[in-house]
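2 protein chains.
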Amino acid sequence: MEQRVHNRELILVAYANEGPVTDSHLKIRETQLDLGSVGKDGSSGDVAVQNLWISVDPYLRHLMKESDDGLYLPSFRLNQAIRSILVGKVVASANPAFEVGDIVSGFYQVAEYAIVPGGDLRKIDTSVVKPSDYLGILGMPALTAWAGFTIVGEAKPGDEVFVSAAAGSVGMLVGQLAKIKGCRVVGSAGSDQKVKLLKEFGFDDAFNYKSETDLDAALSRYFPRGIDIYFDNVGGRMLEAVLNHINMKARIPVCGMISQYNQEWKQRFGVRNLLNLVGKCAKMEGFMSGQYHHRMGEFFEEMTGYIKQGKIKYKEDVKVGLDSFLEAFNYMFTGENIGKPVIYLGPPPPK
Amino acid sequence: MEQRVHNRELILVAYANEGPVTDSHLKIRETQLDLGSVGKDGSSGDVAVQNLWISVDPYLRHLMKESDDGLYLPSFRLNQAIRSILVGKVVASANPAFEVGDIVSGFYQVAEYAIVPGGDLRKIDTSVVKPSDYLGILGMPALTAWAGFTIVGEAKPGDEVFVSAAAGSVGMLVGQLAKIKGCRVVGSAGSDQKVKLLKEFGFDDAFNYKSETDLDAALSRYFPRGIDIYFDNVGGRMLEAVLNHINMKARIPVCGMISQYNQEWKQRFGVRNLLNLVGKCAKMEGFMSGQYHHRMGEFFEEMTGYIKQGKIKYKEDVKVGLDSFLEAFNYMFTGENIGKPVIYLGPPPPK
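So the sequences go chain by chain: A and B.
Every letter in the first sequence is one number past the one before it in our numbering, and letter 311, counting from 1, is 311.
Every letter in the second sequence is one number past the one before it in our numbering, and letter 62, counting from 1, is 62.
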């Protein structure tokens with residue numbers, strides 16, 4: 001039985017190798033989708049999903065380049081829908097693991113509706129947390145914060161911790177995990193409003209890096225005892241400044257370098273003081289959350305515990321409708337978002 | 001009883017903050033030393049040593065600067081003898097642990113004779129290896145190679161290993177350890193003569209970086225399967241080139257950055273592609289051999305085993321006399337030395 005819906009998908013029409021992504025790269029394509037076709041073409045595991053929430057994350061910037069220069073993620077294909085992590089509601093299913101009405105999450109097409117192989121989806125439990133939390137406090141950003149801080153960062157009580165882009169979707173969780181684990185933590189962010197937010201989140205201190213004319217002096221002020229863990233989200237000048245303040249055996253989990261994503265690598269900031277890693281017997285280690293899927297159970301249990309105990313807060317920056325994607329995306333690079341950017345596609349209305 | 005000897009010490013008369021160290025920084029001072037005074041001034045643990053061998057190593061460059069910018073080693077004091085690792089023969093002792101005639105090693109004054117607290121010395125066993133081996137194949141460079149490669153580098157069979165400054169005192173051991181441990185290893189060095197030496201040492205391949213106009217192309221050629229371990233002795237452009245060739249979960253033990261030592265940190269080469277650490281989930285870790293003194297027993301047993309089995313070779317670049325120090329030292333930075341630089345102070349003549 002035919003069940004046509006009007007669909008809107010976000011399509012990459014041209015690669016954005018340098019500079020901001022604009023509407024000359026990303027366009028909305030209007031289509032018709034036959035939900036009744038699910039499973040009829042031999043793809044018996046497919047599931048049709050009406051999307052509720054889209055996660056907007058910095059790493060997507062790399063998938064919009066023709067050839068990658070740093071994160072080694074496969075580029076999106078031209079003239080196809082870009083992908084991200086979404087949460088949606090099953091509206092048709094040819095997969096015995098999913099029923100109409102199930103709330104699911106996965107990495108698939110950014111669109112109002114999508115037909116997705118069941119293997120790319122997982123059912124989520126919305127009894128404790130709200131659906132969009134699976135894009136944030138219980139999703140990829142949280143796994144990134146948890147794995148980067150506790151495993152790569154080898155966090156221990158008493159550590160002096162610095163987090164950049166601390167009001168971002170990952171940074172705000174790193175800071176709160178640091179407090180839970182008995183560290184002292186200071187965050188940097190790009191506005192006074194964000195600095196205020198960080199203090200509300202329980203950071204011991206926070207500063208607006210845009211107001212600091214001398215990052216080195218700022219770090220001397222905020223870290224008189226030096227830095228044991230630097231959770232790096234930004235790279236560039238801040239990383240270089242931090243390298244002059246690390247303690248013996250410091251750890252630098254490198255999560256991302258958002259200050260550098262809009263440039264081709266040869267135009268990026270060159271870090272001149274890496275020799276400090278030797279003198280301080282320190283390590284810098286890059287990581288991606290995908291490496292830690294085998295520890296999802298442990299992560300989920302720990303984070304759910306903190307959430308239930310009210311030990312951890314999260315802030316979303318919600319925009320509504322597929323048309324808001326480009327604005328939400330670019331705000332991350334200019335720092336205009338306050339909280340984890342997500343897009344609500346409703347109905348139903350967000351809780 | 002007075003027992004005066006004529007002594008010559010190497011004195012730092014001015015700090016060398018940038019550029020090559022010259023005879024305006026280092027001078028020889030002629031003095032008289034009374035060996036009979038040992039233990040007479042209340043320093044009952046002192047030992048008088050006639051020095052036989054001086055180790056010449058790149059890290060000393062940092063101790064000749066007024067303020068350090070990377071290795072965080074305490075600067076030498078002006079108008080005092082510089083220090084290094086030496087091997088000498090006890091000629092007078094006020095310490096029950098040492099007898100006249102003992103061969104000892106330690107970090108102390110670079111001079112023909114020195115009076116040293118016994119606690120700074122250890123007796124060495126010259127029945128299996130020659131005295132100068134305690135400055136090289138069984139000394140600090142070997143501990144550096146062993147700890148950096150096996151512990152920091154987490155070496156395992158099948159790893160693709162790249163070593164820069166591979167004909168240096170540490171590099172040549174890293175390459176041979178890599179072969180013993182079942183890795184494929186390629187070294188870079190600064191002359192065709194050194195490249196030949198590396199092949200004699202059993203490196204799978206080696207190249208003269210000065211003949212390569214494009215380091216990136218060279219690495220593509222020598223590492224078609226990418227690099228799992230980069231043992232970094234040089235930093236700078238080579239490090240940046242390597243970062244474009246690392247495999248997933250690569251390890252970069254950073255031993256030193258000799259290409260950068262003669263510059264103040266803000267003048268050093270800025271590495272622009274550190275984001276690759278994220279995409280490849282790779283780590284860069286600085287280390288110093290001093291961290292691994294607690295594993296000396298294990299190191300000593302393993303290395304002595306290889307030496308007895310003839311599995312490992314070593315090459316020294318011997319110069320004679322205290323006057324040759326400056327030349328031996330500067331040759332490391334221009335790459336003119338072939339093998340580990342040591343200075344023989346004899347008599348007796350070198351074996």
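Do not rely on the hints blindly, as some may be mistaken.
A pair holds if it fits inside one copy or across any two, identical chains being indistinguishable in the list.
Derived pair list, reagent style SDA-like, types lysine to any residue, alpha-carbon separation capped at 20 Å [what the hints assert, rightly or not]:
id	residue 1	residue 2
1	Lys-249	Tyr-72
2	Lys-249	His-293
3	Lys-249	Glu-264
4	Lys-199	Asn-330
5	Lys-123	Gln-193
6	Lys-249	Asp-68
7	Lys-249	Ile-151
8	Lys-130	Lys-199
9	Lys-130	Thr-304
10	Lys-89	Glu-327
In case anyone wonders, no lab produced these hints; they're calculated from the structure.
Checked hints:
no. : hint               : verdict
1   : Lys-249 to Tyr-72  : between (29 Å within a copy, 13 Å between copies)
2   : Lys-249 to His-293 : between (27 Å within a copy, 16 Å between copies)
3   : Lys-249 to Glu-264 : neither (32 Å within a copy, 23 Å between copies)
4   : Lys-199 to Asn-330 : neither (25 Å within a copy, 53 Å between copies)
5   : Lys-123 to Gln-193 : neither (36 Å within a copy, 64 Å between copies)
6   : Lys-249 to Asp-68  : between (32 Å within a copy, 18 Å between copies)
7   : Lys-249 to Ile-151 : both (15 Å within a copy, 15 Å between copies)
8   : Lys-130 to Lys-199 : neither (24 Å within a copy, 63 Å between copies)
9   : Lys-130 to Thr-304 : within (12 Å within a copy, 63 Å between copies)
10  : Lys-89 to Glu-327  : neither (25 Å within a copy, 75 Å between copies)
Taken one by one, the earlier hints fail for this structure at numbers 3, 4, 5, 8 and 10, listed in ascending order.
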